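Chemist: What follows is the residue order along each chain.
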Amino acid sequence: MFNHLMTQPLMPLALTLGVFAAAATVSARTKGHPFANPVLISVGVLILLLSLTETPYDRYFAGAQFIHFLLGPATVALAVPLFRHLHRIRTSAFPILMGIAAGSAAGPLSIILITWALGGQEQVAASLVTKSVTAPVSMAIAPHIGGVPSLAAIFSVLTGMIGAAFGPSLLNRLNVEDHMQRGLAMGTASHGQGTARILQESEEAGAFSALAMGLTALAMALLLPALSRLIM
Amino acid sequence: MLKGMATILAFQLTGEAIAVAFHLPVSGPIIGMALLLMWMQRNGDVDKGLATAADGLLANMAVLFVPIGVGAMAYAKVFQRHWLFVAVAVVLGTFATVATTALVARLLTRAQATAPAPQT
Chain A
1 MFNHLMTQPL MPLALTLGVF AAAATVSART KGHPFANPVL ISVGVLILLL
51 SLTETPYDRY FAGAQFIHFL LGPATVALAV PLFRHLHRIR TSAFPILMGI
101 AAGSAAGPLS IILITWALGG QEQVAASLVT KSVTAPVSMA IAPHIGGVPS
151 LAAIFSVLTG MIGAAFGPSL LNRLNVEDHM QRGLAMGTAS HGQGTARILQ
201 ESEEAGAFSA LAMGLTALAM ALLLPALSRL IM
Chain B
233 MLKGMATILA FQLTGEAIAV AFHLPVSGPI IGMALLLMWM QRNGDVDKGL
283 ATAADGLLAN MAVLFVPIGV GAMAYAKVFQ RHWLFVAVAV VLGTFATVAT
333 TALVARLLTR AQATAPAPQT
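Top line first, the protein sequences correspond to chains A and B. Quick note: the first sequence, position 152, residue 152 per this note's numbering, numbers continuous. Quick note: the second sequence, position 62, residue 294 per this note's numbering, numbers continuous.
These aren't lab readings, by the way, just hints derived from the structure by calculation. It cannot be assumed that every hint is accurate.
Facing chain A, according to a computed beta carbon distance under 10 Å, are these residues of chain B, among others [unchecked claim]:
id	residue
1	M233
2	F243
3	A249
4	I250
5	L267
6	L269
7	A294
8	V302
9	T346
Across the chosen pairs, the derived CB separations fall in these ranges [what the hints assert, rightly or not]:
id	chain 1	residue 1	chain 2	residue 2	range
10	A	A28	B	L241	30 to 36 Å
11	A	V26	B	A291	38 to 44 Å
12	A	L70	B	D277	31 to 37 Å
13	A	R88	B	Q312	18 to 24 Å
14	A	N3	B	M233	34 to 40 Å
15	A	E54	B	A242	37 to 43 Å
16	A	L223	B	A291	30 to 36 Å
17	B	A343	A	A62	51 to 57 Å
18	B	L234	A	R173	24 to 30 Å
Since we're looking at a predicted model, the values are computed, not measured. Think of the CB as a built atom: it goes at the ideal place given N, C-alpha and C, for glycine as much as any other residue.
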């Protein structure tokens, strides 16, 4: 019966929203503890559920895609908080652009260092380089730099989850309190997922995060293919 | 609200069309976001229905990442073989990016605040 219900969109949809609602309650009870991040919990619980019931991912996604679809419109909607905070973006243009540029460079550089230190496999490493940008963009860049699109996409999602869960506490530890700086860091490091997380702190932080994720995607898409051609 | 949603979809569609037509490596929704921002700037205001639709979507944005996150299960083999490398790279790489961005932005904001900055 479970398997029959899983063939219709209703079951995956209800499961996704239900599990997420429960995870959000847990997260609120633990006062937003990083390990109790709702997305992290939901993904874990759903993977466990699907594995136990031997449901293939494709069947789950056939229903869950209706939730996934709204990612596009939500990304477009980020223009609204951006617009509301345009004034501060204009007056702080220099620190904003430099912060994003430094962070966008630090990500790939750290991957190169870690690959070298741990002797990581080349194709996996190349797919990791673009992990700080949103999945559709990292998928598009991957083949140009020797990566695998589907792996690059999953690394983007993983990075988004880790950034969203642990980014804010790292920023607390560094005593970064300013909404602009917090937002920029989250958007540069963990794209839409980081933005969704920091939007819960303040709309201002969300606006800067949206700006950062857009500019990081643009910078990586334009620069990485050219850079890798120089190196290889 | 409905009109706002239609506006958002129209901008996304335009973004996708531009991305495909010019073979851009940036995704359609990000181009749509930039276009919508320019459009609001031209109008000088956020339409009320658009604001309602956008705020509603953004308030629940986190759940939208769950379906694609579950997709990690399809890569169990890669994770099994390269788990240490992937885990270290994702965690340290992300922390390096978060810290670098925030600290550089903070440093330059302070520098700008203390120096007699040129009029911007």
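Chemist: Hints first: check each against the structure and report whether it holds.
Modeler: Do the hints match the structure? See the list:
1. Hint status for B:M233 relative to chain A: violated, with the closest Cβ pair at about 12 Å, above 10 Å.
2. For B:F243, the interface hint holds, the least distance from its beta-carbon to any beta-carbon of chain A being 5 Å, beneath 10 Å.
3. Interface hint at B:A249: violated, since its Cβ lies 13 Å from the closest Cβ of chain A, which is beyond the 10 Å cut-off.
4. Taking 10 Å as the C-beta contact cut-off toward chain A, the hint placing B:I250 at the interface is violated, the least distance being around 13 Å.
5. For the restraint placing B:L267 at the interface with chain A, the shortest Cβ-Cβ distance is roughly 8 Å, inside the 10 Å limit, so the hint holds.
6. The beta carbon of B:L269 comes within 4 Å of a beta carbon in chain A, closer than 10 Å, and the hint placing it at the interface holds.
7. Hint status for B:A294: holds, given a least beta-carbon distance of 4 Å to chain A, under 10 Å.
8. Annotation: B:V302 was flagged as interfacial toward chain A, and the flag holds, the nearest CB pair being 5 Å apart, inside 10 Å.
9. For B:T346, the shortest C-beta to C-beta distance to chain A is roughly 13 Å, which exceeds 10 Å, and the interface hint is violated.
10. In this structure the hint that A:A28 and B:L241 lie 30 to 36 Å apart at CB holds, the actual value being about 32 Å.
11. Range check, A:V26 to B:A291: about 19 Å between beta-carbon atoms, so the 38 to 44 Å window is missed.
12. Distance hint check: the CB atoms of A:L70 and B:D277 are about 25 Å apart, inconsistent with the given range 31 to 37 Å.
13. A hinted range of 18 to 24 Å is violated for the C-beta pair A:R88 and B:Q312, which are about 46 Å apart.
14. For A:N3 and B:M233, the Cβ-Cβ distance of about 37 Å falls inside the hinted range of 34 to 40 Å, so the restraint holds.
15. Between A:E54 and B:A242 the beta carbons are some 42 Å apart, a value that agrees with the proposed interval 37 to 43 Å.
16. Separated by about 34 Å at the C-beta atoms, A:L223 and B:A291 satisfy the suggested range of 30 to 36 Å.
17. Here the CB-CB span from B:A343 to A:A62 is close to 53 Å, well matched to the stated 51 to 57 Å.
18. At roughly 44 Å, the beta carbons of B:L234 and A:R173 sit outside the given window of 24 to 30 Å.
In this structure, the hints that do not hold are numbers 1, 3, 4, 9, 11, 12, 13, 18, in rising order.
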